[in-house]
Structures are given as structure tokens and as C-alpha cells.
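Participant: What follows is each chain in one-letter form.
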Amino acid sequence: MSDSTAKPTSLFAYVAEFDNAMDLYHAAEKVRDAGFRRWDVHTPYPIHGMDAAMGLGKSWLSAVVLVGGTTGFIFALFLQFFTQVSLYPTVVQSKPTNLFTVPAFFPVTFELTILFSGFSILFGLLIWIMLPRWNHPLFNSSLFPKSTDDGFLMVIESRDPKFKKEKTRDFLTEIGAGEIEEVSH
Amino acid sequence: MAGLKDGDDFKDGEAFKSPTLLKLLCAVVGFGGLLLFFILSFSLGEEKTGAMGYSWLFAVIFFLTLGVGGLFWTLLHHASNSGWGTVVRRLMENLGSMIPFMMVLALPLVFPQFGFRDALWEWFPLREAALESAGEKAEKEAAGYITEQEAKVKKAQKAVDTAKVELASLNSPSPGHTAYFERKIKGLEKEAAKLNEKDLSEGAVIAELTDKNFLKKEALLFVKRGYLNERFWYFRVTFYFVVLIGIALVIRRWSIIQDSDGDPKWFRWMRRGSCGFLPFFAVAWTFLVFDWLMALDYTWFSTMWGVYLFAGSALNSMGLLILMLTGLRKAGYLRNVVTLEHYHLMGKLMHAFVIFWAYIAFSQFFLIWYANITEETKFYLTRNSDFWNTYTICFLVIGHFFIPFGILLIRSVKKTPLVVSIVAVWNLLMHVFDIYYIIIPERGPSLTAGTGHIAMTIPGAWIFDVLAFVSVGGIFGFFLLKQLSSASLFPCRDPRLDESLNVVN
Numbered sequence: 001m002s003d004s005t006a007k008p009t010s011l012f013a014y015v016a017e018f019d020n021a022m023d024l025y026h027a028a029e030k031v032r033d034a035g036f037r038r039w040d041v042h043t044p045y046p047i048h049g050m051d052a053a054m055g056l057g058k059s060w061l062s063a064v065v066l067v068g069g070t071t072g073f074i075f076a077l078f079l080q081f082f083t084q085v086s087l088y089p090t091v092v093q094s095k096p097t098n099l100f101t102v103p104a105f106f107p108v109t110f111e112l113t114i115l116f117s118g119f120s121i122l123f124g125l126l127i128w129i130m131l132p133r134w135n136h137p138l139f140n141s142s143l144f145p146k147s148t149d150d151g152f153l154m155v156i157e158s159r160d161p162k163f164k165k166e167k168t169r170d171f172l173t174e175i176g177a178g179e180i181e182e183v184s185h
Numbered sequence: 186m187a188g189l190k191d192g193d194d195f196k197d198g199e200a201f202k203s204p205t206l207l208k209l210l211c212a213v214v215g216f217g218g219l220l221l222f223f224i225l226s227f228s229l230g231e232e233k234t235g236a237m238g239y240s241w242l243f244a245v246i247f248f249l250t251l252g253v254g255g256l257f258w259t260l261l262h263h264a265s266n267s268g269w270g271t272v273v274r275r276l277m278e279n280l281g282s283m284i285p286f287m288m289v290l291a292l293p294l295v296f297p298q299f300g301f302r303d304a305l306w307e308w309f310p311l312r313e314a315a316l317e318s319a320g321e322k323a324e325k326e327a328a329g330y331i332t333e334q335e336a337k338v339k340k341a342q343k344a345v346d347t348a349k350v351e352l353a354s355l356n357s358p359s360p361g362h363t364a365y366f367e368r369k370i371k372g373l374e375k376e377a378a379k380l381n382e383k384d385l386s387e388g389a390v391i392a393e394l395t396d397k398n399f400l401k402k403e404a405l406l407f408v409k410r411g412y413l414n415e416r417f418w419y420f421r422v423t424f425y426f427v428v429l430i431g432i433a434l435v436i437r438r439w440s441i442i443q444d445s446d447g448d449p450k451w452f453r454w455m456r457r458g459s460c461g462f463l464p465f466f467a468v469a470w471t472f473l474v475f476d477w478l479m480a481l482d483y484t485w486f487s488t489m490w491g492v493y494l495f496a497g498s499a500l501n502s503m504g505l506l507i508l509m510l511t512g513l514r515k516a517g518y519l520r521n522v523v524t525l526e527h528y529h530l531m532g533k534l535m536h537a538f539v540i541f542w543a544y545i546a547f548s549q550f551f552l553i554w555y556a557n558i559t560e561e562t563k564f565y566l567t568r569n570s571d572f573w574n575t576y577t578i579c580f581l582v583i584g585h586f587f588i589p590f591g592i593l594l595i596r597s598v599k600k601t602p603l604v605v606s607i608v609a610v611w612n613l614l615m616h617v618f619d620i621y622y623i624i625i626p627e628r629g630p631s632l633t634a635g636t637g638h639i640a641m642t643i644p645g646a647w648i649f650d651v652l653a654f655v656s657v658g659g660i661f662g663f664f665l666l667k668q669l670s671s672a673s674l675f676p677c678r679d680p681r682l683d684e685s686l687n688v689v690n
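From first to last, the protein sequence lines stand for chains U and Y.
Residue 77 in my numbering sits at position 77 of the first sequence, and the numbers go up by one each step.
Whatever position you read off the second sequence (first residue = 1), add 185 for my numbering.
Simulated from the structure, these hints should not be mistaken for laboratory data.
Misleading hints may appear alongside valid ones.
Stated by the list, open to error - Once the Cα atoms are required to be at most 30 angstroms apart in a straight line, the calculated DSBU-like pairs of lysine-lysine come out as:
#1 U:58 / Y:515
#2 Y:600 / U:30
#3 Y:533 / U:58
#4 Y:600 / U:58
Claimed, not checked - Computed spacing ranges between beta-carbons, pair by pair:
#5 U:166 / Y:588: 56 to 62 angstroms
#6 Y:610 / U:75: 32 to 38 angstroms
#7 U:70 / Y:579: 19 to 25 angstroms
#8 U:118 / Y:411: 46 to 52 angstroms
#9 U:11 / Y:610: 55 to 61 angstroms
#10 U:70 / Y:205: 49 to 55 angstroms
#11 U:159 / Y:618: 56 to 62 angstroms
All residues carry an ideal CB built from backbone N, CA and C; glycine is no exception.
Turn these sequences into a full structure, and let the hints steer you where they fit.
Facilitator: What follows is the structure, given as C-alpha cells:
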């Protein structure tokens, strides 16, 4: 496939480096206020309050987990009542086989609720962030590896509706970015 | 407006001036109720006094759990080197310092003169009666027993002699034959020596026979005599008083000294102290509830009892802390110090302990229900009889777990002071039902045992429960307000104050 390499490379994003967490934090507030949507920050450690500075809302992953957990709860009760009470009533330790068998079913119900919640967190998150994938354009950046060491990076993607090649670059410089790298697809 | 204003310095702390009217009301209700309760208990006759003992235990234990929970959160906060809750730690310490007052209110339970002790813990009178009758019987039997034993000694000695004579009379015995007789003589001699060794003085015989008769009369109390005896019981109760009161006072004292001198040495002391105190605290609280609550029926036991009571106390003291916080903020205090982040964290802890309580309470029920062993099921048998079954399902299963669990799942609930306070009130109400469920079902069967007709409840006794609850509650409220106003509302010179003020989760 020689023509894929011959394709003109397009700009994916700007990666801007900041001196420290505080600068990045304030820059994030400015980017948020400027109305950018497709952007992110990458830091070696979590920065408290960055959610608010970036204007991130509440994550709705919890709703997915609630649905998953409820499914597990209902599934476990159904599984046990159907097999142990209605399909083939099983008398264990002279316990009743009716609604009052329910304490015996709690451990399994508890475990399945947790298992399904766990699954829905994992798979819900993977689908949400579109993983797994082979590669990501950010790996073309030479600055990006610093985000696991000592770099406080901000990435503004070119598909952002507010993105203008020159203007955004100037904007980044204005809010205190040091080195700015153009990353291509 | 009261409290800190913008520009005030945090290091001077925030003084609380307790509302005089509320404090007065608490004092009047509390001490008035106390007076009325004890006048009634001394004038109404033995039967009613017994019923009132359960009411007093219920009220004192309920408020004691809140204090113990407050102390637990203080100790945990230090031991885990936490930073989030420094601004609310003084509230925890104040709640923990309620322990001394509640323990003093528990004194009538401990001294038999009030007539509560023997009605609550039947093993006291049962043991006393069994020991007495066993002793009397032993004294009567002693003389006969001694003659019997002496005859036995003589008989054994005679058997030895006979065997020796028999061996001597043998004509040229085979080596096997001799060995057989020697072995026989040895055995008989051993038996005789054993009988001979036995102390046959009158005192020793009476002691031995008393034990024997005691075992026959109250087998369970006999095998548990090493633990369930008066002397050891009073030793343990002293231990609970010393440990719980001591820890609560010391940990608050250090914290308050730090307010004035700002020396970080106190911070380190509190941290190290907490790690050392925690095991003593756990042992004292666990055995306190063994001795005061589980022993309401001395035949019953559960190894989860201590952690069950602990789970309820940690949950509900967190609920009360949230309520205190909301009340203080409403009155204008702590507004610049406590943020919604603290509410969120405390709500999360409350949520966690709703689950933990349910986990422990259900596990205890589940294991006993499934194993179905006679000596363990008694507790739940009583509480599944009569109306207690419906009570359990409504208040404990649904009210204590499902409702707060569902509501506290929502993040915005935990971040809204008013709503989370309503949930805390609900939890405290359910905790009242929980403690009531632990103590009161024992009252009917215990007090009517031996009358021929076992009643599940004592009619009219609920009035005493209400009276006791209100009066202990009033005293609790009075001293809590007093403690709150006796020092700054937050540890104003704690090294971790800055971290706590800016906490984000």
C-alpha cells in the first residue's frame, strides 16, 4: 500500500507543554472558557480539581453500572427462584420453598450484582473510550511520552469546531504554553 | 451572624455559643425525666422495676453507641493519617466525649441495689440461687459422702492385700502368672493411692459436692462459670469504664491543648496514641456488648455480636455528625470551613456503613438460620414470634437497609446538606428500632419466665421506654451542647487543617 504513505499528512492536534501543574490548571480554565470541546490534558499524576477546571460534567458511567447491577440482581433472583422454587422445589435443611427461601439466595444475588456491576464498569468504559484500538495519532508526538514523566501537556485536536491553525497556536502561546508541537495523523 | 467571616484568621478557631433556650430545654427534659424515672422505679414495685431496667438499658445503649461511634471515627481518622476530616474532627471528639456521661448513666444497671441488674441479666439470680441450693445440699450430703469415701478407701486397700496374699499362696508359679499378679497389684495399689490422696476434709468435700450439684442444676451456668461470675463481671465492667472513658477524654484533651499552643507534637501523639488505643477500644466495646446485651439471654451466643453493634454505632454516629454539622451551619458556624466536599465524604462513609451494617446483620441471621442449631436459634425465634417478625422486615430489612441504600447511591443527595440530613435522621430513627429490637424482645420472656405463662411483651412497659429515651436523650443533648461550646469548633492549629479545608474528592 504505497499510496497511504504518499497521502498528504493532515494536522491531528497541537500538543502544548506547560511548566507545572498550576500553569496547566489555569490554562485549562481558559481553554474551557474559550469553548473548546475536543481537547484533553495529560499529566504524570492526577490533579485535584482538574475536572472542574476542564468543565467536565458528571460521568454517566454510573448509570451504566446501575443498569448492570440491577440486571445482575434480578437475574440472580430469577435464576434461583426459577430453578429452586418453581421448576424443581429443592428442600434443604427443611427450609421452605417459597418466597421465604429468599435469605438462602442472598449470597448468590449479592455476588452476581457485584459481578454484573463490575462487568458493566469495565465493558461500558471500554466502549465509551473506544478501546481497544491499534494505534492513536498522539503516539506520533515526541512530547507525549513526557506526560508519564515530568510533562504537563495539553492537547487540542484539529477536529474541534473552534480550531483554527494559526489562531489556536497563538492562543496556546498566550495562555502560557512553552513548546508547541504539531502532531499529524 | 455568628462564626468566622471572610478575612478572619483560622488559627484562632471558631467559638460556639450554645443557644440557651435549647440547652435549658434539654436540661429540664433530661434531668426532670431522670428524676421521674427513678422515683417511679423505686415506688412502683419489683415487677415494674424489672421492666424499667430494660427501658434504661435501651436508652443508655442507644446514646452510648453514638458516643462510641464518634470516638471510633476520631481514632480511625488519626490512625489512618487522614487529612480530609480535620475540620469536622472536633465534632467527632465532642461526640466521643459523650461516653463518660453515658457510662455514668449506665451505673444504675451495674449496681444491684437499683433492682435492674438481676432483672436484665438472669444469670445473676439464677447463679446465686443455684450456688446456694447446691451448697446447702452439699452440706447435708457431706457427712454421708465422707463415710462413703472412707469405706471405698478401705475396700481398695483390702483388695490390694487380698491380691498380695493370693500371690504369696501360689505354689511355684510360672513367670507369666507372677507377672500377671504383679501387674494386678500395681493397678490396685494405684487406685488405692488415688482414693487415699483425695482430700476428705469437710471443706474440700463440700466444695466438690457443690460443684457437682451446681452442674446438675444449671449445667450451662456451671460450664460458663469461669466467665459468668460476679467477681470477673465487675472486673470487666471496671475495665470498660476505664478504657472507654480514658480514651475519649485523653484524645480530646490533646486535641484541645494543640488549639492553644499549636505544637505539632500533639498531632503526633494523637496519631500514635490512636494506633495504641484502637485494640483496647475494640476489646472494651466488643465485650461490653457481650456482657450487657448478648448476656440478656445467657444461653445464647453469637461471635458477630460485637461487630454488629459496632457497625450500627459507626453508621449512626456519622449520621449524627452530619446533623450536627447541618445544625451548626444553619446557625451560622463552620460556613467558611466545611464545604460540600465534606458532606460528600461523610455521606459516602454513611452509605458504606449502611451496607456494612446490613452485611453484618444479615450474615449473623443467615448463618444461624441456615445452620438451625438449637442453642443458636433462640435469639431469632423470639424475634420471629408475635409482631416482631413484621417489625424486623419493615424496620430493619427495608427501613434500615434498602431505603437509605437506594437514596444514598445518588451523588447529588450526598452533596445536598438538607437531603443528606433527612437521610441521617431516617437512619437514626432506624437505629432506635435496631437497638429496641436487640433489647426489648427479651423483656417479656425473661420477666414472665417461671410464671407458667410466657408473655412476649409486658403491657404498658413502652411508656417507660419512651420516658427513659427522652430523659437520656435530653441529658445527651445538654452535655453535647456544653462540650461543643467548651472549645473551638474545629482543631484550628492542626497541621492538616489546610489540607482538609481544600479537600476535593
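Participant: Now tell me if each hint is right for this structure.
Facilitator: Okay, the hints, checked on the actual structure:
For the proposed pair residue 58 of chain U and residue 515 of chain Y, the alpha carbon gap of about 28 angstroms is at most 30 angstroms, so the pair holds. About 27 angstroms separates the Cα atoms of residue 600 of chain Y and residue 30 of chain U, which keeps this hinted pair within 30 angstroms; it holds. About 17 angstroms separates the Cα atoms of residue 533 of chain Y and residue 58 of chain U, which keeps this hinted pair within 30 angstroms; it holds. Among the hinted pairs, residue 600 of chain Y with residue 58 of chain U is consistent with the structure: their alpha-carbon atoms are about 13 angstroms apart, no more than 30 angstroms.
For residue 166 of chain U and residue 588 of chain Y, the Cβ-Cβ distance of about 59 angstroms falls inside the hinted range of 56 to 62 angstroms, so the restraint holds. Between residue 610 of chain Y and residue 75 of chain U the beta carbon distance is about 35 angstroms. The supplied range of 32 to 38 angstroms therefore holds. In this structure, residue 70 of chain U and residue 579 of chain Y meet the distance hint of 19 to 25 angstroms, their C-beta atoms being roughly 23 angstroms apart. The given range of 46 to 52 angstroms is respected by residue 118 of chain U and residue 411 of chain Y, whose C-beta atoms sit roughly 48 angstroms from each other.
Between residue 11 of chain U and residue 610 of chain Y, the C-beta spacing of about 58 angstroms keeps the proposed range 55 to 61 angstroms intact. In this structure, residue 70 of chain U and residue 205 of chain Y meet the distance hint of 49 to 55 angstroms, their C-beta atoms being roughly 51 angstroms apart. Separated by about 58 angstroms at the C-beta atoms, residue 159 of chain U and residue 618 of chain Y satisfy the suggested range of 56 to 62 angstroms.
Of the hints listed earlier, there is not a single one the structure fails to meet.
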